[in-house]
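Colleague: Whole structure, please, built from the sequences with the hints as guidance.
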Amino acid sequence: MSKNKFYSFAFGVGTKSNSGNWLEVFYPSPAFQPDDKLMDIVTTTLGYQEGNAAVEPSSEQLEKLASNLSAAGMNGDAALCKRLQQSAQSIVITMIAEDIAPETVPEVYLKLHLLSHRLVKPHETNLTGMFGLLPNVAWTNKGAIAIDELPERQLDARLNGELLEVMSVDKFPKMANYTMPSGVRVADTDRVRLGAHLGDGTTVMHEGFVNFNAGTLGTSMVEGRISAGVVVGHGSDLGGGCSTMGTLSGGNNVIIYVGDECLIGANAGIGIPLGDRCTVEAGLYVTAGSKVTVLDENNQPIKDIKARDLAGKPDLLLRRNSQNGRIECKTNKSAIALNEELHANN
Amino acid sequence: MSKNKFYSFAFGVGTKSNSGNWLEVFYPSPAFQPDDKLMDIVTTTLGYQEGNAAVEPSSEQLEKLASNLSAAGMNGDAALCKRLQQSAQSIVITMIAEDIAPETVPEVYLKLHLLSHRLVKPHETNLTGMFGLLPNVAWTNKGAIAIDELPERQLDARLNGELLEVMSVDKFPKMANYTMPSGVRVADTDRVRLGAHLGDGTTVMHEGFVNFNAGTLGTSMVEGRISAGVVVGHGSDLGGGCSTMGTLSGGNNVIIYVGDECLIGANAGIGIPLGDRCTVEAGLYVTAGSKVTVLDENNQPIKDIKARDLAGKPDLLLRRNSQNGRIECKTNKSAIALNEELHANN
Amino acid sequence: MSKNKFYSFAFGVGTKSNSGNWLEVFYPSPAFQPDDKLMDIVTTTLGYQEGNAAVEPSSEQLEKLASNLSAAGMNGDAALCKRLQQSAQSIVITMIAEDIAPETVPEVYLKLHLLSHRLVKPHETNLTGMFGLLPNVAWTNKGAIAIDELPERQLDARLNGELLEVMSVDKFPKMANYTMPSGVRVADTDRVRLGAHLGDGTTVMHEGFVNFNAGTLGTSMVEGRISAGVVVGHGSDLGGGCSTMGTLSGGNNVIIYVGDECLIGANAGIGIPLGDRCTVEAGLYVTAGSKVTVLDENNQPIKDIKARDLAGKPDLLLRRNSQNGRIECKTNKSAIALNEELHANN
Numbered sequence: 340m341s342k343n344k345f346y347s348f349a350f351g352v353g354t355k356s357n358s359g360n361w362l363e364v365f366y367p368s369p370a371f372q373p374d375d376k377l378m379d380i381v382t383t384t385l386g387y388q389e390g391n392a393a394v395e396p397s398s399e400q401l402e403k404l405a406s407n408l409s410a411a412g413m414n415g416d417a418a419l420c421k422r423l424q425q426s427a428q429s430i431v432i433t434m435i436a437e438d439i440a441p442e443t444v445p446e447v448y449l450k451l452h453l454l455s456h457r458l459v460k461p462h463e464t465n466l467t468g469m470f471g472l473l474p475n476v477a478w479t480n481k482g483a484i485a486i487d488e489l490p491e492r493q494l495d496a497r498l499n500g501e502l503l504e505v506m507s508v509d510k511f512p513k514m515a516n517y518t519m520p521s522g523v524r525v526a527d528t529d530r531v532r533l534g535a536h537l538g539d540g541t542t543v544m545h546e547g548f549v550n551f552n553a554g555t556l557g558t559s560m561v562e563g564r565i566s567a568g569v570v571v572g573h574g575s576d577l578g579g580g581c582s583t584m585g586t587l588s589g590g591n592n593v594i595i596y597v598g599d600e601c602l603i604g605a606n607a608g609i610g611i612p613l614g615d616r617c618t619v620e621a622g623l624y625v626t627a628g629s630k631v632t633v634l635d636e637n638n639q640p641i642k643d644i645k646a647r648d649l650a651g652k653p654d655l656l657l658r659r660n661s662q663n664g665r666i667e668c669k670t671n672k673s674a675i676a677l678n679e680e681l682h683a684n685n
Numbered sequence: 340m341s342k343n344k345f346y347s348f349a350f351g352v353g354t355k356s357n358s359g360n361w362l363e364v365f366y367p368s369p370a371f372q373p374d375d376k377l378m379d380i381v382t383t384t385l386g387y388q389e390g391n392a393a394v395e396p397s398s399e400q401l402e403k404l405a406s407n408l409s410a411a412g413m414n415g416d417a418a419l420c421k422r423l424q425q426s427a428q429s430i431v432i433t434m435i436a437e438d439i440a441p442e443t444v445p446e447v448y449l450k451l452h453l454l455s456h457r458l459v460k461p462h463e464t465n466l467t468g469m470f471g472l473l474p475n476v477a478w479t480n481k482g483a484i485a486i487d488e489l490p491e492r493q494l495d496a497r498l499n500g501e502l503l504e505v506m507s508v509d510k511f512p513k514m515a516n517y518t519m520p521s522g523v524r525v526a527d528t529d530r531v532r533l534g535a536h537l538g539d540g541t542t543v544m545h546e547g548f549v550n551f552n553a554g555t556l557g558t559s560m561v562e563g564r565i566s567a568g569v570v571v572g573h574g575s576d577l578g579g580g581c582s583t584m585g586t587l588s589g590g591n592n593v594i595i596y597v598g599d600e601c602l603i604g605a606n607a608g609i610g611i612p613l614g615d616r617c618t619v620e621a622g623l624y625v626t627a628g629s630k631v632t633v634l635d636e637n638n639q640p641i642k643d644i645k646a647r648d649l650a651g652k653p654d655l656l657l658r659r660n661s662q663n664g665r666i667e668c669k670t671n672k673s674a675i676a677l678n679e680e681l682h683a684n685n
Numbered sequence: 340m341s342k343n344k345f346y347s348f349a350f351g352v353g354t355k356s357n358s359g360n361w362l363e364v365f366y367p368s369p370a371f372q373p374d375d376k377l378m379d380i381v382t383t384t385l386g387y388q389e390g391n392a393a394v395e396p397s398s399e400q401l402e403k404l405a406s407n408l409s410a411a412g413m414n415g416d417a418a419l420c421k422r423l424q425q426s427a428q429s430i431v432i433t434m435i436a437e438d439i440a441p442e443t444v445p446e447v448y449l450k451l452h453l454l455s456h457r458l459v460k461p462h463e464t465n466l467t468g469m470f471g472l473l474p475n476v477a478w479t480n481k482g483a484i485a486i487d488e489l490p491e492r493q494l495d496a497r498l499n500g501e502l503l504e505v506m507s508v509d510k511f512p513k514m515a516n517y518t519m520p521s522g523v524r525v526a527d528t529d530r531v532r533l534g535a536h537l538g539d540g541t542t543v544m545h546e547g548f549v550n551f552n553a554g555t556l557g558t559s560m561v562e563g564r565i566s567a568g569v570v571v572g573h574g575s576d577l578g579g580g581c582s583t584m585g586t587l588s589g590g591n592n593v594i595i596y597v598g599d600e601c602l603i604g605a606n607a608g609i610g611i612p613l614g615d616r617c618t619v620e621a622g623l624y625v626t627a628g629s630k631v632t633v634l635d636e637n638n639q640p641i642k643d644i645k646a647r648d649l650a651g652k653p654d655l656l657l658r659r660n661s662q663n664g665r666i667e668c669k670t671n672k673s674a675i676a677l678n679e680e681l682h683a684n685n
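Protein chains in written order, with this note's numbering: chain A, 340 to 685; chain B, 340 to 685; chain C, 340 to 685.
FYI, nobody ran anything at the bench for these hints, they're computed from the structure.
The beta-carbon is built from N, C-alpha and C at its ideal position, and this holds for glycine as well.
Be aware that one or more of the hints could be misleading.
Covered stretches of chain A, as calculated for chain B (at least 3 residues, CB under 8 Å) [claimed, not checked]: (1) 425-438; (2) 523-529; (3) 652-664.
Modeller: In structure tokens:
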């Protein structure tokens with residue numbers, strides 16, 4: 340791969356611990372498959388050789404880069420570069436030549452940005468080993484703070500009559516402090532991690548949750564939990580408190596997904612992927628090992644099968660018979676009539 | 340309707356986008372059916388003609404209004420008016436003559452305030468078309484910000500070593516930043532929208548949630564979700580993670596309510612309204628279409644009916660028989676002994 | 340009990356209401372069974388007589404105490420004491436001679452700190468009557484504020500173009516603003532109260548919740564709710580949205596606990612304590628009164644018993660038969676293979 344065919348590129352401003360380790364990086368406008376000419380200028384100016392690199396440029400390099408970008412008519416990038424040069428914060432220029440397992444915190448953050456900026460879909464970028472790379476960070480009203488610096492910072496704040504508000508202690512920050520994709524509402528941003536992919540027309544209500552490398556592809560009302568790795572198709576709704584088993588939990592190696600125009604009822608859950616136009620009744624949890632009785636048009640039992648054999652099949656209605664407790668599967672005839680007003684984002 | 344019989348009135352301070360559109364309005368002391376004499380002074384001073392109006396007064400108008408209110412002995416209103424006059428923020432005086440569908444953001448906000456200030460109950464004020472009026476707003480530690488201004492604001496903050504904390508991106512703000520009614524605890528204020536109606540003696544725990552135009556009428560321990568439009572009676576408890584189907588979701592046109600002294604168990608859910616003194620067993624979801632076996636005093640089946648036929652009936656105990664999976668309904672004999680210490684708010 | 344055998348001691352910095360009542364106290368380094376020599380110096384310097392005391396020292400007392408501690412070579416305590424002396428905030432020195440029912444807000448806060456600092460385990464400290472002692476507080480971005488001062492503070496902030504962000508209105512603050520124990524992640528700190536006990540290796544995900552006087556003893560993935568009084572053993576996982584009945588709710592006087600290496604599935608729930616190596620299937624709520632069919636190795640029914648008779652027994656697999664709706668109990672043979680990468684905290 341030539342250096343002119345980069346996978347991703349971005350200017351970033353981030354936070355380091357007192358010991359000099361990256362805690363997080365904010366990329367205002369990450370690029371996927373960046374322009375060759377742009378990369379020519381960047382790599383030449385910075386003396387880039389090869390591989391994936393997170394360069395911490397000197398003020399002189401930034402100035403020169405801004406000047407070279409401006410000369411080439413790339414005024415947007417030049418202006419951003421100039422603003423970075425004038426900032427006293429930690430600046431990084433991250434160049435990902437190849438989509439291999441990330442090796443630095445700036446690389447991981449750039450890939451998480453690609454997901455949340457909808458430049459790649461879940462599972463489309465290589466995140467192998469990212470858990471080990473990401474430090475556990477205290478996310479506070481004063482920005483990211485290294486865990487071991489927290490007690491002293493809190494005491495100092497309190498003695499000065501201030502509050503160091505610690506919103507989260509986690510390897511992942513919330514998405515909303517990094518980007519908000521268009522046409523999206525997130526009622527409680529604490530519940531959507533950076534690296535979530537939210538399609539245009541998605542509303543994540545207070546009880547909704549979206550992990551990294553997971554999310555929706557289009558219009559969705561999300562009031563349930565989209566676990567790591569789970570992807571939800573266009574026009575599907577997740578009812579309040581419903582659960583999708585993630586690839587990191589549930590003892591399940593199958594990747595769970597939800598097709599288009601599905602409805603998972605409130606407090607329901609799935610341990611199998613769903614095809615298009617499936618409905619799971621409120622309160623019913625279908626695990627891969629559940630035995631399911633398949634019914635015909637007249638509600639007569641045809642056969643008993645494991646739920647995992649229904650994985651990915653379309654047009655299913657899954658319910659628990661309220662007279663005999665049996666989990667049953669019928670052909671789904673009910674259309675999902677989304678409340679137009681409710682789903683409008685703007 | 341004479342101009343002297345107003346539905347609601349309030350002085351407000353709010354936020355506008357850079358393009359001059361209202362994003363939100365805070366009304367410190369909204370009035371329901373305001374005093375005629377007060378309205379005489381206000382309308383005369385402002386040159387009000389008729390209809391519902393959200394007037395943005397000039398500094399001179401505010402000064403004159405403060406002076407006129409003071410002359411009439413209305414010292415509280417005069418003092419507030421004077422403080423507004425001295426503020427550099429966007430000021431609005433909202434007069435709702437008739438309770439018709441709102442036409443402006445300040446009107447919608449005033450009605451949401453009426454609900455949360457307990458001046459009207461859910462369903463008692465006309466909110467028709469409000470979704471379309473309300474803009475999607477970024478609720479941040481720097482106040483309300485228009486969505487399209489967010490990226491530049493975040494970049495600017497980060498370059499200055501600050502954090503623009505985005506708490507929510509939604510049409511509705513959280514109630515607690517606008518008002519906290521008396522005798523109420525809300526453990527996680529992210530989960531109660533402005534427009535919620537919380538009765539004196541209500542505690543909303545961390546897993547509780549209350550939407551707008553919904554809420555409680557008296558003492559309640561809320562650890563479950565009160566969806567839009569749902570009203571919960573006095574002395575009723577909603578267990579952790581329980582669900583009530585809202586009028587905006589669930590495919591249900593029936594308005595759901597919960598009577599007095601009910602108990603909905605943890606992780607349970609209802610798709611029918613409940614009368615007084617009903618109990619739904621933990622983990623049981625009763626939808627309108629569930630078939631329910633009615634039992635007599637000796638636990639013998641009397642008949643099978645649809646759950647919707649039990650809508651609003653009092654003294655029901657709904658459970659799933661753990662030996663045959665049948666949903667059953669008995670007469671509820673267990674009193675709800677609320678833990679006195681737990682429910683005390685002060 | 341001699342004054343030289345104290346139960347607990349700490350220097351604190353806190354917040355008072357305008358009327359002079361304690362709202363909360365932050366203890367940067369609380370001591371359990373503090374050093375006798377330290378207590379000799381403290382009590383002598385402060386003129387302590389007996390009993391449990393929350394002393395508000397004068398500047399002179401703090402200076403003298405710092406000097407005496409320094410002379411005794413207790414440089415850490417001396418330095419902290421000196422910093423407190425230089426602060427303009429409300430300072431308190433709390434000495435708990437005996438572990439009896441607390442009588443002041445500073446005492447309650449010290450005991451909650453002992454729990455969250457892992458100096459005592461849940462149920463090991465006397466919290467009798469604490470609800471009545473703790474005031475309901477508005478927890479804001481400007482620190483703790485008395486409820487009755489909130490409306491004026493919010494109006495004042497808004498007129499100045501600022502936001503008074505009210506994060507919680509509750510008797511308990513969030514733990515993370517007071518201490519973060521080692522080896523712990525808490526994705527959404529709103530959901531862990533001060534007084535929670537989180538073992539080393541515990542991750543509380545966004546849907547997890549931990550009340551005061553409750554928590555984990557070791558490694559755990561907590562995506563469900565740990566109610567007041569509930570203790571979870573080493574290596575146990577709580578699936579997303581699962582419920583544990585607390586001692587304050589559920590109409591249950593039995594203290595619920597979860598043994599070692601248990602797995603409670605997503606959206607499941609327990610109303611009985613679990614012994615070691617138990618699994619509760621996703622979506623199943625087992626209350627104390629549930630009838631359970633015990634199966635043998637060949638899945639043949641042995642007997643029907645009440646779930647409460649299974650309380651605390653190890654190696655159980657609890658599930659609902661998906662063909663007949665019966666709750667069944669088998670011997671649990673499946674090992675819990677925790678995802679190593681997921682559970683690593685650093």
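Colleague: None of the hints should be skipped; say for each whether it holds.
Modeller: Quick rundown of the hints versus the structure:
Figure legend: the region 425-438 of chain A, annotated as covered by chain B; annotation consistent (4 residues with Cβ-Cβ distances under 8 Å, at least 3 required). Coverage of the region 523-529 of chain A by chain B holds [criterion: at least 3 residues with CB-CB distance below 8 Å; count 7]. Judged by the Cβ-Cβ criterion of 8 Å, the region 652-664 of chain A is covered by chain B as claimed, because 6 of its residues qualify and three suffice.
Of the numbered hints listed earlier, not one is contradicted by the structure.
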